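Let's have the full structure, built from the sequences with the hints guiding it.
Taken in sequence, the protein lines are chains U and F. Oh and the first sequence: position 12 is 71 in my numbering, straight run, nothing missing. Oh and the second sequence: position 95 is 533 in my numbering, straight run, nothing missing.
Don't read these hints as lab results, they were simulated from the structure. Predicted model only: the values in this text are computed from it and were never measured. Among the hints, a few may not be true.
Unchecked claim - When the alpha-carbon atoms are kept at most 25 Å apart in a straight line, the in silico DMTMM-like pairs for lysine to aspartate or glutamate are as follows:
| id | chain 1 | residue 1 | chain 2 | residue 2 |
| --- | --- | --- | --- | --- |
| 1 | F | K570 | U | D79 |
| 2 | U | K374 | U | E301 |
| 3 | F | K634 | U | D90 |
| 4 | U | K101 | F | D574 |
Said to hold, decoys possible - Not everything, but these chain F residues come out facing chain U in the computed CB check (under 10 Å):
| id | residue |
| --- | --- |
| 5 | P495 |
| 6 | E541 |
| 7 | S551 |
| 8 | T552 |
| 9 | S554 |
| 10 | G556 |
| 11 | Q557 |
| 12 | G558 |
| 13 | L567 |
| 14 | G569 |
| 15 | I571 |
| 16 | D574 |
| 17 | Q591 |
Glycine included, C-beta positions come from ideal geometry on N, C-alpha and C.
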Amino acid sequence: MGTKIATRNAYGQAIAELGDRYPEIICFDADLAGATMSKYFKDKHPDRFFDMGIAEADMQVVAAGAATCGFKPFTHTFAMFASGRSWEQVRNSIAYPGINVKVIGSHGGLSVGEDGATHQCNEDFALMRVIPGMTVVCPCDAYEMKLATEALVNLDGPAYMRLGRLAVETVTDAIPGYRFELGKGATLKDGSDVTVIATGLMVQMALEAEKMLAAEGLSVRVIDMHTIKPLDEELVLKAARETGAIVTSEEHNILGGLGAAVAECVSENCPVPVIRHGVNDQFGRSGKAPLVLEAYGLTPAVLAEKVRRAVSLKK
Amino acid sequence: MNNRELALTAAKARREAVSMVYRAQSGHPGGSLSCLDVLTALYFEEMNVDPACPSDPQRDRFVMSKGHCSPAVYSTLALRGFFPVEDLALFRSIEGHISGHVEMRHVPGVDMSTGSLGQGISAAVGMALAGKIRGDAFRVYAILGDGEIEEGQVWEALAAAAKYKLDNLCAIIDVNGLQIDGKTADVMPMEPIDDKCEAFGAHVVTINGHDFDDIRSAFAEARYTKGQPTVILARTTKGKGVSYMENSAGWHGKAPNAAEYETAMQELGALIDELSKEEA
Numbered sequence: 060m061g062t063k064i065a066t067r068n069a070y071g072q073a074i075a076e077l078g079d080r081y082p083e084i085i086c087f088d089a090d091l092a093g094a095t096m097s098k099y100f101k102d103k104h105p106d107r108f109f110d111m112g113i114a115e116a117d118m119q120v121v122a123a124g125a126a127t128c129g130f131k132p133f134t135h136t137f138a139m140f141a142s143g144r145s146w147e148q149v150r151n152s153i154a155y156p157g158i159n160v161k162v163i164g165s166h167g168g169l170s171v172g173e174d175g176a177t178h179q180c181n182e183d184f185a186l187m188r189v190i191p192g193m194t195v196v197c198p199c200d201a202y203e204m205k206l207a208t209e210a211l212v213n214l215d216g217p218a219y220m221r222l223g224r225l226a227v228e229t230v231t232d233a234i235p236g237y238r239f240e241l242g243k244g245a246t247l248k249d250g251s252d253v254t255v256i257a258t259g260l261m262v263q264m265a266l267e268a269e270k271m272l273a274a275e276g277l278s279v280r281v282i283d284m285h286t287i288k289p290l291d292e293e294l295v296l297k298a299a300r301e302t303g304a305i306v307t308s309e310e311h312n313i314l315g316g317l318g319a320a321v322a323e324c325v326s327e328n329c330p331v332p333v334i335r336h337g338v339n340d341q342f343g344r345s346g347k348a349p350l351v352l353e354a355y356g357l358t359p360a361v362l363a364e365k366v367r368r369a370v371s372l373k374k
Numbered sequence: 439m440n441n442r443e444l445a446l447t448a449a450k451a452r453r454e455a456v457s458m459v460y461r462a463q464s465g466h467p468g469g470s471l472s473c474l475d476v477l478t479a480l481y482f483e484e485m486n487v488d489p490a491c492p493s494d495p496q497r498d499r500f501v502m503s504k505g506h507c508s509p510a511v512y513s514t515l516a517l518r519g520f521f522p523v524e525d526l527a528l529f530r531s532i533e534g535h536i537s538g539h540v541e542m543r544h545v546p547g548v549d550m551s552t553g554s555l556g557q558g559i560s561a562a563v564g565m566a567l568a569g570k571i572r573g574d575a576f577r578v579y580a581i582l583g584d585g586e587i588e589e590g591q592v593w594e595a596l597a598a599a600a601k602y603k604l605d606n607l608c609a610i611i612d613v614n615g616l617q618i619d620g621k622t623a624d625v626m627p628m629e630p631i632d633d634k635c636e637a638f639g640a641h642v643v644t645i646n647g648h649d650f651d652d653i654r655s656a657f658a659e660a661r662y663t664k665g666q667p668t669v670i671l672a673r674t675t676k677g678k679g680v681s682y683m684e685n686s687a688g689w690h691g692k693a694p695n696a697a698e699y700e701t702a703m704q705e706l707g708a709l710i711d712e713l714s715k716e717e718a
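Laid out in structure tokens, this is it:
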């Protein structure tokens, strides 16, 4: 616990190691191997790594073709291009036929930092989530990423996973009883007054916000929702019933992502206040990653404010 | 098969294809008819496939990149024995799973779902690449439309096929000169297609796509070509075999009415009779 490592690095090392045990894993990248960290796989398994050039659309469907011949392809590019540029290829040539391709989108969210709005993808959860049959995953730290990567290798079907650029603290390895299962959220901290359901690097911020609020006497449950689809509805509804208010937190537009998924589930089954914390339907901007996050309110302090508001809305 | 047998099979496939579109009152007859001689030669002579074992890992693969030409694919697969010809009656129907564009999950013998143009050729590249990784001997074939090659992804795929020296890949471009809005030359000029494909690293062969000797020798040339993919430019007639559909962009995606259907059946029936008589 405590070490800081970007989930993209953890992923790169994990997939390279898994390549030893799973000869059917092949990796594709679109000229970003040094950034998505597929370079680790490239170095270890050069005969099963294919650089498709700056041609994301082609890459996704080439991977689909290879998958029909029994391989387990992982494709790599930035989240923006995986979920945006090649969305229709992922929909029609991977998800619709149910082909076993894992679409990896690195550099998700505002924490891309200096590159600015064109490369800060705050829409990938929404875009991937609306495709029938897609599994959508966003691990929060290096430990969880390693487990998620192996889980994806063993999932037979299409999936999208977001990686982050920014080094983040590893927290899940120190949580007693923590275990990773696709489609099952992990309760990192129990609480009874309100629940924060977070994904990606907002999980660490949620844990910080919980400490701040505990000092005020609020008992906050913190759920790490690494799998955005299929959503762990059972865990969400249990939180709604037991704590009576929910705040979602994600490095993503508040439209269409985790917050929307949770709100849809709660409003249909167990209506309680749901406050969505995330990017308020805006484009990002350039700057050092922590400063960009701060500029858009993605901080423990702003999250804590959302939690207080949710509690105030409880009946 | 000899040329007459191939021509007879293609004529039967054309009759099924037009019937499918007529019954559904929906579908794409023009481009289906133009590519059916090439498709017949693939499934009845060139490709190593076995209807009794449609998922044999060592089979040759086929991708209909212009996935709207599903009547051609489905009728060919049915005649080849992958599923009963009667099932073609469910084309585009809510009663069945023979969907509007080529679909792999429910139709035996289909290697890749297609429909969104420009993507099938990438899938074929992926299959050929898979064959290379494992050292398998199977070959991969894809048919593209000449309108389809306006999609940029086609050229991304060709570049990748050349990079990885996919000589187990043979792409056939069905050059019938027409697309939905009119002549390809007017909508978006792509000629010289042969020079473009060569510049992207492919070995290019131009043939008459309705001449079985031409088709056969082009496939052989593709097999003997090493170190690069082959692109066959099959010059064809859109709507081939039905007089009023020939060379008419209007028949790209339109179903015949009862009288038109009758005419089509008479024309194709006469051809089938003639080719059958030669047999006797």
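Going through the hints against the structure:
1. F:K570 - U:D79: 20 Å, holds
2. U:K374 - U:E301: 13 Å, holds
3. F:K634 - U:D90: Roughly 24 Å separates the two Cα atoms, so the pair holds.
4. U:K101 - F:D574: Answer holds: K101 (chain U) to D574 (chain F) is near 23 Å, not above 25 Å.
5. P495: At 7 Å from the nearest chain U Cβ, P495 (chain F) passes the 10 Å test, so the hint holds.
6. E541: The hint holds - E541 (chain F) has a Cβ within 10 Å of chain U, the shortest such distance being about 8 Å.
7. S551: Since chain U brings a Cβ to about 4 Å from S551 (chain F), closer than 10 Å, the hint holds.
8. T552: T552 (chain F) check passes; min Cβ-Cβ to chain U is 8 Å, inside 10 Å.
9. S554: 4 Å, holds
10. G556: Because about 8 Å separates G556 (chain F) from the closest Cβ in chain U, which is inside the 10 Å limit, the hint holds.
11. Q557: 5 Å, holds
12. G558: Holds, because the Cβ-Cβ distance from G558 (chain F) to chain U comes to roughly 8 Å (cut-off 10 Å).
13. L567: 6 Å, holds
14. G569: G569 (chain F) check passes; min Cβ-Cβ to chain U is 7 Å, inside 10 Å.
15. I571: Holds, about 7 Å.
16. D574: 8 Å, holds
17. Q591: Since the shortest Cβ distance to chain U is 5 Å, the answer is holds.
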